[in-house]
Amino acid sequence: MTELIASILFATIVAATPIALAGLGELVTEKSGMLNLGAEGLMAVGALAAFIGAYSFGSPWLGLVFGIAAGVALSLVFALLTLGLLANHVATGLALAIFGTGFAAFAGKPYESQVLTPVAAWAIPFLSEIPFVGKALFSHQPIVYLSWLLFGVVAWLLARSRLGLILRAVGESPQNAHAIGLPVRLVRLLAIVFGGGMAGLGGAYLSVFYTPFWTEHMVAGRGWIALALVVFATWRPLRLFFGAHLFGGILVIQLFVQSSGLQIEIPSQLLTAMPYLVTIVVLVFISGNAKLIRLNSPASLGLPFRPD
Amino acid sequence: MRRLTLEPRPVASPVWGWASPVLAVVLTCLTGLLIFALLGKDPIEGFHVFFIRPVSSFWAVMELLLKATPLALCAIGLAVGFRAGIWNIGAEGQFILGAIFATAVALHFGDWPVISLLAMMIAGALGGMTWAAIPAFLRSRFNANEILVSLMLVYVAQLLVSWLVFGPWKDPMGFNFPQTVMFSDASLIPTLIEGQRLNLAFLMMLGSLVIAHVLMNHSRLGFSMRTSGQAPLAALYAGFSNRQSIYMGLLAGGACAGFAGMAEVAGPMGQLTDKLSLGYGFAAIIVAFVGRLHALGILLASLVMALFYVGGEQAQQYLNLPSAMSRVFQGMLLFFLLATDLLVNYRLVLRPSVRS
Numbered sequence: 001m002t003e004l005i006a007s008i009l010f011a012t013i014v015a016a017t018p019i020a021l022a023g024l025g026e027l028v029t030e031k032s033g034m035l036n037l038g039a040e041g042l043m044a045v046g047a048l049a050a051f052i053g054a055y056s057f058g059s060p061w062l063g064l065v066f067g068i069a070a071g072v073a074l075s076l077v078f079a080l081l082t083l084g085l086l087a088n089h090v091a092t093g094l095a096l097a098i099f100g101t102g103f104a105a106f107a108g109k110p111y112e113s114q115v116l117t118p119v120a121a122w123a124i125p126f127l128s129e130i131p132f133v134g135k136a137l138f139s140h141q142p143i144v145y146l147s148w149l150l151f152g153v154v155a156w157l158l159a160r161s162r163l164g165l166i167l168r169a170v171g172e173s174p175q176n177a178h179a180i181g182l183p184v185r186l187v188r189l190l191a192i193v194f195g196g197g198m199a200g201l202g203g204a205y206l207s208v209f210y211t212p213f214w215t216e217h218m219v220a221g222r223g224w225i226a227l228a229l230v231v232f233a234t235w236r237p238l239r240l241f242f243g244a245h246l247f248g249g250i251l252v253i254q255l256f257v258q259s260s261g262l263q264i265e266i267p268s269q270l271l272t273a274m275p276y277l278v279t280i281v282v283l284v285f286i287s288g289n290a291k292l293i294r295l296n297s298p299a300s301l302g303l304p305f306r307p308d
Numbered sequence: 001m002r003r004l005t006l007e008p009r010p011v012a013s014p015v016w017g018w019a020s021p022v023l024a025v026v027l028t029c030l031t032g033l034l035i036f037a038l039l040g041k042d043p044i045e046g047f048h049v050f051f052i053r054p055v056s057s058f059w060a061v062m063e064l065l066l067k068a069t070p071l072a073l074c075a076i077g078l079a080v081g082f083r084a085g086i087w088n089i090g091a092e093g094q095f096i097l098g099a100i101f102a103t104a105v106a107l108h109f110g111d112w113p114v115i116s117l118l119a120m121m122i123a124g125a126l127g128g129m130t131w132a133a134i135p136a137f138l139r140s141r142f143n144a145n146e147i148l149v150s151l152m153l154v155y156v157a158q159l160l161v162s163w164l165v166f167g168p169w170k171d172p173m174g175f176n177f178p179q180t181v182m183f184s185d186a187s188l189i190p191t192l193i194e195g196q197r198l199n200l201a202f203l204m205m206l207g208s209l210v211i212a213h214v215l216m217n218h219s220r221l222g223f224s225m226r227t228s229g230q231a232p233l234a235a236l237y238a239g240f241s242n243r244q245s246i247y248m249g250l251l252a253g254g255a256c257a258g259f260a261g262m263a264e265v266a267g268p269m270g271q272l273t274d275k276l277s278l279g280y281g282f283a284a285i286i287v288a289f290v291g292r293l294h295a296l297g298i299l300l301a302s303l304v305m306a307l308f309y310v311g312g313e314q315a316q317q318y319l320n321l322p323s324a325m326s327r328v329f330q331g332m333l334l335f336f337l338l339a340t341d342l343l344v345n346y347r348l349v350l351r352p353s354v355r356s
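If you read the sequences in order, they're chains A and B.
Residues in the first sequence are numbered from 1 upward in steps of one, following this note's numbering.
Residues in the second sequence are numbered from 1 upward in steps of one, following this note's numbering.
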């Protein structure tokens with residue numbers, strides 16, 4: 001039994017990581033007032049580019065770089081349209097999602113049946129030898145630890161640093177931030193690029209570390225779930241981290257039930273639908289509290305801004 | 001030194017309002033040529049296969065109109081919501097539910113001439129509305145974001161149809177393929193011309209464009225919904241119901257998408273399978289924008305989008321390119337539209353640069 005729980009815990013962390021990475025990027029983007037709904041598309045191109053990089057050069061790390069670069073490149077299109085050409089954030093984000101998933105499906109066809117060598121786990125000495133939880137928590141692929149580090153750094157930067165203060169000021173009131181001389185558009189551009197890179201990294205994790213192969217539908221709504229998690233977390237990194245793991249847990253438990261061979265009368269499709277249904281429930285749960293959302297969401301979220 | 005600057009227009013330009021989608025289509029086609037060249041294909045041949053072939057014969061044009069039907073139907077329904085500021089992006093799921101509801105009728109009461117088909121049409125629209133009512137309820141009652149809820153329901157709908165055709169509705173004689181039995185003749189929409197697949201749904205699509213146009217532009221309901229979308233505070237002050245806008249916006253989208261889903265299973269497919277939609281619900285979002293949320297514009301935009309679909313199939317067949325090419329074109333079209341739309345509200349002017 002403890003072994004089962006430990007392996008569920010292990011798998012939960014693995015499943016949570018890509019959602020957490022993309023969600024953290026989106027959180028920073030939204031903190032600057034930019035609403036980028038294109039995470040699904042960013043993850044798709046990230047996953048494909050990373051796979052191509054890792055496959056062609058035989059290095060998963062180069063794959064990661066490719067994935068991040070692809071996410072950044074596509075998010076620059078979002079930045080150009082929304083910051084430069086004042087396009088509607090929602091429509092532009094949707095365009096990103098449609099284009100990104102379509103482009104990945106188109107460009108990825110030749111890579112569909114290829115498989116990469118799995119990346120070895122990197123057990124942390126001593127910590128991974130703690131009974132029961134040691135292996136589940138500290139015997140992961142390095143990118144998992146990287147995501148933990150990123151969460152710590154971003155949470156600290158947002159709450160405690162001057163950089164975080166500037167980002168929040170720009171997101172709360174771009175007019176006032178502009179008036180006191182802050183470079184509003186530059187800050188927003190950097191926030192968008194960070195979001196794109198993180199979504200690309202999340203996608204890269206899926207295709208290079210998690211599976212490790214590439215298929216057209218591999219992102220499977222994780223980008224959209226990441227967006228919902230940012231609302232669920234009321235724009236706070238540590239809550240987002242917690243939320244992502246809650247979701248990872250649901251993803252994993254339904255997989256465990258499906259593969260357990262238990263003779264249960266639940267259609268596998270219903271189990272597969274659980275993460276999507278839970279996303280809806282979670283959104284309802286958190287959005288019902290209007291005050292909570294209003295107090296925490298960046299005041300200028302989704303509104304265009306043009307300095308005069 | 002002179003430099004280009006953006007200057008806000010006092011009022012939005014009506015000329016650019018219509019010129020911008022045309023320019024976006026032209027730019028998409030030009031970029032398409034560039035992509036063909038980059039892929040090492042002859043751009044002229046690529047252009048021919050993608051854009052000329054789908055309109056080069058009577059049969060091809062009929063197929064184009066057949067494809068445009070679900071696109072225009074879904075798009076006009078979405079446009080009703082978009083005008084009210086309701087972002088229903090789950091038309092894909094509502095399309096699937098319409099197909100499922102209609103199939104339920106066809107499988108159980110499918111043999112009565114006329115009556116069966118009428119019942120299927122109603123069931124299809126109801127199916128889409130049922131699915132759309134979920135985000136409408138959750139938005140109006142709990143303020144849950146309708147974008148994310150309607151989108152999550154797309155995945156759920158896909159899994160639901162997959163469960164049905166792999167499970168209870170699977171054709172026992174179908175060699176284990178995930179599909180239902182073929183519908184009987186009484187459950188199929190009559191075709192318009194002997195030997196072509198284009199059917200009555202095309203005319204009904206045209207009818208729904210007219211109805212939606214009247215509803216949106218010449219009724220009190222349409223006015224209050226537009227006001228809710230463009231000036232929520234003014235709508236509140238005027239006493240227009242926000243709840244009504246949310247429900248109408250989503251249910252109109254659901255009804256149209258559900259009807260389109262019905263028309264797909266009772267039309268060209270003739271059965272329910274797990275691959276019934278080729279992303280029409282998502283493409284319809286682009287159709288609605290490119291068509292300026294206007295009935296006539298949506299009709300024209302649906303033809304362009306249908307061309308991309310058929311062109312993508314042709315490119316797969318003749319140029320050996322993945323059919324996902326059409327989705328790349330769709331995404332590019334929306335990108336270009338969003339970019340050229342700048343010219344609706346701003347103008348580019350050459351100004352002598354001011355020394356500061």
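No lab work stands behind these hints: they were computed from the structure.
Among the hints, erroneous ones may be present.
Unchecked claim - Some chain B residues judged to face chain A by a derived CB distance under 8 Å, without partners named: (1) Ile89; (2) Ala144; (3) Ala339; (4) Leu342.
Note that CB positions come from ideal geometry on N, CA and C, so glycine has one too.
Tested hints:
1. Ile89: Hint on B:Ile89: holds, closest Cβ of chain A at ~6 Å, below 8 Å.
2. Ala144: At about 4 Å, which falls below the 8 Å cut-off, the nearest Cβ of chain A leaves the hint on B:Ala144 intact, so it holds.
3. Ala339: holds, 5 Å
4. Leu342: Interface hint status for B:Leu342: holds (4 Å vs cutoff 8 Å).
Taken one by one, the earlier hints all hold for this structure without exception.
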